[in-house]
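Colleague: Here is how the chains run, residue by residue.
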Amino acid sequence: MGSIETGILGLLCLVIAILLHVPVGIAMIVVGAAGYFILTGSLSSMLSLFGTETVNMLTNRDFAVVMLFLLMGGFAGIAGLSADIYRVANAWIGHFKGGLAMATILGCAGFGAIAGSSIATAATMAKIALPEMEKRRYSLSLCAGTLAAGGTLGSLNPPSIIMVIYAVQVEQFVIDLFLAAILPGILSVVLFIAAIRLQLLLDPAAAGSEPRRGFPERLRETRRGLGPILIIVIVMGGIYSGFFTVNEGAGVGLVLTLIFALLRRTMTGATFLETLYESAGSIAMLYLIVIGANIFGYFLTLSHMPSEIAGWIEGQGLPPLVVIFSLVLMYILLGCVFDALAGMVLTLPFVVPIVAELGYDLVWWGIVNVMVIEIGMITPPIGINVFVIKGLRPDIPLRTIFRGIAPFLIANLVALLLVILFPQIATWLPDALR
Amino acid sequence: MLQAVRRASRWLAILGLAALLVLSVLMIADISGRELFGRPISGFSDATDLIIIVAAAACFPASLANRQHIAVRFAGMLHWRLREGLDLLGHLFMLLVFVVIAWQLGLYTLDVFSSGQTTWLLRVPVWPVWGTATVLLAVCVPVQLAQVVAILRRFLSPQPLDDAAADSSPPAVEA
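Sequence lines, in order, name chains A and B. All residue numbers for the first sequence refer to this note's numbering, where the first residue is 19 and numbers rise by one. All residue numbers for the second sequence refer to this note's numbering, where the first residue is 576 and numbers rise by one.
Some clues are possibly wrong.
[What the hints assert, rightly or not] Here are the computed distance ranges between Cβ atoms for each label pair:
#, chain 1, residue 1, chain 2, residue 2, range
1, A, Leu-280, B, Leu-590, 15 to 23 Å
2, A, Arg-242, B, Leu-590, 29 to 37 Å
3, A, Met-19, B, Glu-610, 54 to 62 Å
4, B, Ala-650, A, Met-348, 17 to 25 Å
5, B, Arg-609, A, Ile-247, 20 to 28 Å
6, A, Gly-377, B, Glu-610, 38 to 46 Å
7, A, Leu-280, B, Pro-615, 25 to 33 Å
8, B, Ala-725, A, Phe-261, 47 to 55 Å
9, B, Val-699, A, Arg-242, 45 to 53 Å
10, A, Met-348, B, Leu-590, 36 to 44 Å
11, A, Ser-62, B, Ala-594, 27 to 35 Å
12, A, Arg-282, B, Arg-728, 42 to 50 Å
13, A, Leu-237, B, Ala-725, 51 to 59 Å
14, B, Arg-614, A, Pro-229, 54 to 62 Å
Think of the hints as simulated: they come from the structure by calculation, not from any bench. For every residue, glycine included, the Cβ atom is placed at its ideal position computed from N, Cα and C.
Next up, chain B with everything else stripped away, as it sits in the complex (with noise of 0.2 Å):
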């Protein structure tokens, strides 16, 4: 399940960030015709706003999946089991704010498509874009639950486990 997840969100944070890739093509495009001929695209300020909502939202499943995030980690240090236990708390309490943010965008959404909010320049509604940022935001339930589940199962584990956020970062530091 976590590698299917992690898949998943690989492709989500990719397509995002390239669609940030093209708005800096785009950018160019757009610093050319106003310098050089006084004629800026119309509306890029507004396809900016919106794209960049898009891309940020896609980062969070692969930060989740990845286990990307600041977290001093010095009590684990005690016993390996107190590290996965103590892990799996600030994992389900992660789990939590997702939920939470997950549900909180969705009914800002709705809000922005019941009051049929548009951008300044070229009155696009917003709300598919939103629509867009709560389904990435959504998508980091299930990323954070499959982390939960794993963590659970080491926490869980018979065996005494190494420290898998461990690797080349301090041992203070899950990132």
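If we strip away everything but chain A, and leave its shape as in the complex, we get (with noise of 0.2 Å):
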């Protein structure tokens, strides 16, 4: 059997571990090790990979700043910030017809600017932002599609863990990732706000409007929601500007998250260790995932199959959008089997080869990437989000949820489709700034 049989059977295998339940990132590991000692020869070899790559990530700096960004949003979340922010948004825009809605997109965007996860957005935003819509008689589907939807854009604004993953993986700077994130971000809540608007004029009973607020009122509320939208200002204006680094970013963003919590007497001693140790599981998993694709890479990159394949559709003269079409539809299947950061991780081994011998702008790819997993977290079977939602809310009914998603879905979509047609949108800022 040639190198590239074995990557093909590796890949096989490793999916075939997946659907038996092993997590997927021990399959990466244990298939991709199996494939380098059958390619190697070497056992010594294939047993050192396991030291060696656990010591590349444990030392990794850039990788270390998801820790820091983790525990980041957890305080956030015990600190209130997110109500902070919901309620600026609602005194300036409340007002509209679905303002409360749009008002959860924007609470959603600025929360996601702060805790880095679409799963922690989605679930602080529902605490605060569902019993105040239900109260205004807002459809059960508009709330939980609205929620679902919102969360997405913890993953798309910066500071974005997945973004960490994909720069880590792909050896880009998590700084320009974070740069081209901003413009699509803004894209996807501007079409967020008008799926709303849209939902309304099929449905107008579907959500109230509420007394529009005098200008002094609006202000004490911005007054009030100062801190957030501080601490937003300076880690990521500290980053970009270059004051610090993402790692230094990430520890004076932890810092006053913690300081904001401690002053509003919204943490206790209780609250403190278990968000520490909440936050521990979700640290590991990410390490070991990435441990488990540095693995599994060195065994594809030995059997030579990502640059056979790259090489393979660079012969058949397909047009460059075609190919990236097809890449982002395999990605959007994927995401109804798999978890789609899982997904994104496994394949790039062999995509980004493909999409570099392209021409396309890493960065960007990361970009779209994100967007495509934006996507899976929202659609079934799988959709995250979608059960962060329901566990949060047993009695509201999946196809209730779904049916809500489905014209955020669309506007997804569109985003995306603007983003690959367009990929100055992405490209524009990190390359403005370099």
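Could you fit the two chains together into a complex? Lean on the hints.
Modeller: Here it is in structure tokens:
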């Protein structure tokens, strides 16, 4: 059996192992190591891969930022920063029809700029915005759809944990990805708000409006909500301006959110310890997946399969956009069976050479990847954000949540299409500031 | 046994991430010193590198104790015993992987000990840090063993069982 056949067989074994309940990170480690052994014939080299890859990841400073951002998101939730952002947004746009839903989208975008995680954003905002919207007789499908879809902004808006993982795997600068995500993030927010308005044109009874707030009240709410705005400005402003590194920015953000939680007396000893404990589980899970992806990536590279596939696709003379759309379609279909993040990590070793071979910017592809993952987070059957909402409100039927998501899914697809057709939406800002 | 290892892993994770918090506070002191007075904390970069290793390694036992990992669990929806059997298979692989990781990390620690490897600036020996990381990853072995025993008991149960990992997560993801 040649090395390419071994690579294909390895990929097949990986899929089978994952479908047999083997955790994704572990499956990549086991299959990757076994394939490495078959190709090199060296047991000691194969075993040492376990050690060297663990050492590489534990000493990886870029990846360590994941720990800081995850903790920062946890403390921000306890500090009530999400409620502040929501109140500010509501004060300014709550008087429009469906204004609370739109404020929820802005709240998700703002909290996502602190939390860095889609699940944390959806869960935190749901606790605040869902009761408010229900009180004002918003339809359950609109409420649930807004929250599940709005939560995805946590992954797209910098700082994003998924972007850190992509940047480490593809060896791109995290800060370039954070910059590239700004315009697509704004585009998604605008399209989500448009989706709410269009939905209300079709079903005007799905939401009401609030009385318009006076300017002094708006200013008062804005002043009260200065905390999270300040954190976002300090952390992201500091990182973008080069005043401090991404790790330092995350460290500063972590301390600031902790100070807010302490000053507001929202944090008890028990919640502090619980946040540390819960974050630890997520941190190790991400480390294990990336260790697995690296070991599996070694095996694939050794098999020459990624370069052969890239060469074969190039040889077909297909228009680059057809290849890109095929890859995006593959990810959307993969998202129906796999966790979207896991799908991205395990396909990067052979997808990235293809995208690079076609001459596309890998920072742009990172943004496209995150946007596809967003779609995977709200599409059946896995759609993790849907289950976050379902977990918080078991009485809302899954069908109602998915019905509510449909308009946002269309908005997501439009945003994705625009970023693919006009890569400048993502690449302009990092190019301009480089 | 599972409760005991959960408690131990909980405190290890808390201590590891508390160290990271302390590091973040020192980071602000370092930035302030550097930007305001032109005097960063000497050797801070070395301390950062070492603390990050221990903090990250301290998270692993907690992750295993809570079964926090991404797994696709569609096949197990066919029958409860098949689900438990496949979960057992996945957790056995996980146990095997952590045995090898702990073993290889131990060898790496011996290597840095014998070579006398130190940090760049402070010239601090790095082997105690890698020794700690090895111990933390070695703790994963009994933690995961306890999980395997617990799932084996479920697999052998004479009564049909509900999915222990279901809760609010989607049917396909154990996270």
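Colleague: Tell me the hint numbers this structure goes against, listed in increasing order.
Modeller: When the structure is compared with the hints, none of them turns out to be violated.
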